[in-house]
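Enquirer: Sequence:
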Amino acid sequence: MNEKIFAQELIDFCYDSPTAFHAVENVEEQLMKENFVKLNEGDEWKIEKGGKYFTTKNGSALIAFTVGSDNIEEKGFRLIGAHTDSPGFRIKPNAEMVAEKTYLKLNTEVYGGPIVNTWLDRPLSVAGRVTLMSENPLKPEIRLMNINKPIMIIPNLAIHMNREVNKGVELNRQNHVLPLVGMINEKLEKDNFILKLIAEELNVEMDKIIDFDLFLYEFEKGCLVGFNEEFISSARLDDLQNIHSGIRALVECKNTKATNVMVCYDNEEIGSSTKQGADSEMLAIILERIVLALGGTRDNYLRSIAHSFIISADNAHAIHPNYVEKHDPTNRPIINNGPVIKINANQSYTTDSESGAVFEMICKRCEVPYQKFVNRSDVRGGSTIGPINSTHLNMRSVDIGLPQLAMHSIREMAGVKDHTYAYKVYLEFFSL
Numbered sequence: 081m082n083e084k085i086f087a088q089e090l091i092d093f094c095y096d097s098p099t100a101f102h103a104v105e106n107v108e109e110q111l112m113k114e115n116f117v118k119l120n121e122g123d124e125w126k127i128e129k130g131g132k133y134f135t136t137k138n139g140s141a142l143i144a145f146t147v148g149s150d151n152i153e154e155k156g157f158r159l160i161g162a163h164t165d166s167p168g169f170r171i172k173p174n175a176e177m178v179a180e181k182t183y184l185k186l187n188t189e190v191y192g193g194p195i196v197n198t199w200l201d202r203p204l205s206v207a208g209r210v211t212l213m214s215e216n217p218l219k220p221e222i223r224l225m226n227i228n229k230p231i232m233i234i235p236n237l238a239i240h241m242n243r244e245v246n247k248g249v250e251l252n253r254q255n256h257v258l259p260l261v262g263m264i265n266e267k268l269e270k271d272n273f274i275l276k277l278i279a280e281e282l283n284v285e286m287d288k289i290i291d292f293d294l295f296l297y298e299f300e301k302g303c304l305v306g307f308n309e310e311f312i313s314s315a316r317l318d319d320l321q322n323i324h325s326g327i328r329a330l331v332e333c334k335n336t337k338a339t340n341v342m343v344c345y346d347n348e349e350i351g352s353s354t355k356q357g358a359d360s361e362m363l364a365i366i367l368e369r370i371v372l373a374l375g376g377t378r379d380n381y382l383r384s385i386a387h388s389f390i391i392s393a394d395n396a397h398a399i400h401p402n403y404v405e406k407h408d409p410t411n412r413p414i415i416n417n418g419p420v421i422k423i424n425a426n427q428s429y430t431t432d433s434e435s436g437a438v439f440e441m442i443c444k445r446c447e448v449p450y451q452k453f454v455n456r457s458d459v460r461g462g463s464t465i466g467p468i469n470s471t472h473l474n475m476r477s478v479d480i481g482l483p484q485l486a487m488h489s490i491r492e493m494a495g496v497k498d499h500t501y502a503y504k505v506y507l508e509f510f511s512l
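Residue numbers for the sequence shown follow our numbering, so the first one is 81 and each next one is one higher.
Calculated from the structure, these hints are not laboratory results. Beta carbons are placed, not taken as given, at the ideal position from N, Cα and C, and that holds for glycine. Keep in mind that the hints are not guaranteed to be accurate.
Capping the alpha-carbon separation at 25 Å, the derived lysine-lysine pairs in DSS-like fashion look like this [said to hold, decoys possible]:
no.	residue 1	residue 2
1	288	301
2	497	444
3	113	172
The calculated label-pair distances, taken between Cβ atoms and stated as ranges, are [said to hold, decoys possible]:
no.	residue 1	residue 2	range
4	427	300	46 to 52 Å
5	459	350	37 to 43 Å
6	350	406	20 to 26 Å
7	432	351	45 to 51 Å
8	410	154	56 to 62 Å
9	441	228	43 to 49 Å
10	130	446	20 to 26 Å
11	252	300	51 to 57 Å
12	379	203	25 to 31 Å
13	441	255	33 to 39 Å
14	154	123	23 to 29 Å
Generate the whole structure from the sequences, applying the supplied hints.
Expert: See below:
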């Protein structure tokens, strides 16, 4: 595999997936091309050994799986978990606001934990999901939308009006980070701007629009950077990088004995407590349905969980060359030096010595280097889907990630080699 071509494919995927809804749509299209069969939650499932299937939830989460040749209750599931969402800004209802009777701006709220100041002075666009009127009130029509041109910006305040700005400034999320759309005139009116934008983009009547889930995103596409193009610079690497490599490994893995599963959760950035998040019964229900559809029993399902293993794949912090003091003195992951096993004594990550050893042995089998990450003992770190998922499925679990810088910035940075390393490890794991 050509590492730079694979990295560029990731950049394309990230750019074409400005929201979780678009990420799932793009993965779905890829799976359909590989002859995966879509299963609807409300239907009776008919699956068979050797089959390839997927199902979605809320249009923003997806679970894809290939049924292995051995009995699930004896071989179990091989799972990789990642998430589709990224921190940013969501547009509020009745979002249009006017400043000085001249400027049109939009009212937004922050989603998750972005580095807010990285969103300033960037060409921005809008994408997301729109719900339309239908004949059945319980099933509104769903359409995705991507304006795909720079229509707004959040301008910074000039240094002349804040002489202390380079000493640090706190941005008020209600007042200081509202995107500027343009100057009000005969072509740009305040009234119903968002509804008119949607109607024109989707070619529908405004009265057909009921609601929307729309987010801002950086319009400029990512790229390879560095003297030898060894780095990937892109939005949403956390966690679309693991979605991209994990789905690729699932698709390309052949002749498996275990049943392989790639679960793409939503809402990790806001705690996962949604029907499509890791803090739900979504995955547990899907796994049980797989066992039952193959003629198994509840007991077969419980036995399969005992033989299963999940890799919780969410990116990790590489040591920052300008802030080396922020890192643990002995565990210091470096970009392009392999995936990172994430460890925490208080189980913010699910890794223990056994599950970590499993991942290490898989890396050794496919000749991929690996590293370890532990927070400084005086710094509280983050968490991910691993511990949350473990409260619903008592299977062995390891938390890993690819080393990156600028996590939660509008533009994150990771390694070209690491992306290929992830694919190789995931392919080896699915082949066990």
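Enquirer: It remains to establish, for every hint, whether it holds in the given structure.
Expert: Comparing the hints with the structure gives:
A C-alpha spacing of about 32 Å is found between residue 288 and residue 301, which places the hinted pair above 25 Å, so the restraint is violated. For the given pair, residue 497 sits about 16 Å from residue 444 by alpha-carbon distance, which is consistent with the 25 Å threshold. Of the supplied pair hints, the one linking residue 113 and residue 172 is violated, its CA atoms being roughly 36 Å apart against a limit of 25 Å. With their beta carbons about 39 Å apart, residue 427 and residue 300 fall outside the hinted range of 46 to 52 Å.
Distance hint check: the CB atoms of residue 459 and residue 350 are about 22 Å apart, inconsistent with the given range 37 to 43 Å. Between residue 350 and residue 406, the C-beta spacing of about 25 Å keeps the proposed range 20 to 26 Å intact. Checked against the hint of 45 to 51 Å, the pair residue 432 and residue 351 fails, with Cβ atoms roughly 23 Å apart. Against the hinted window of 56 to 62 Å, the Cβ-Cβ separation of residue 410 and residue 154 comes to about 40 Å, which falls outside the hint.
Between residue 441 and residue 228 the beta carbon distance is about 45 Å. The supplied range of 43 to 49 Å therefore holds. For the hinted restraint 20 to 26 Å between residue 130 and residue 446, the CB-CB distance of approximately 24 Å keeps it satisfied. A beta carbon spacing of about 26 Å between residue 252 and residue 300 contradicts the range 51 to 57 Å that was offered as a hint. For residue 379 and residue 203, the Cβ-Cβ distance of about 57 Å falls outside the hinted range of 25 to 31 Å, so the restraint is violated.
Taking 33 to 39 Å as the suggested C-beta distance range, the pair residue 441 and residue 255 does not conform, at roughly 53 Å. For the pair residue 154 and residue 123, the supplied restraint of 23 to 29 Å holds, since their beta-carbon distance comes to about 28 Å.
Violated hints, in rising order: 1, 3, 4, 5, 7, 8, 11, 12, 13; the structure is consistent with all others.
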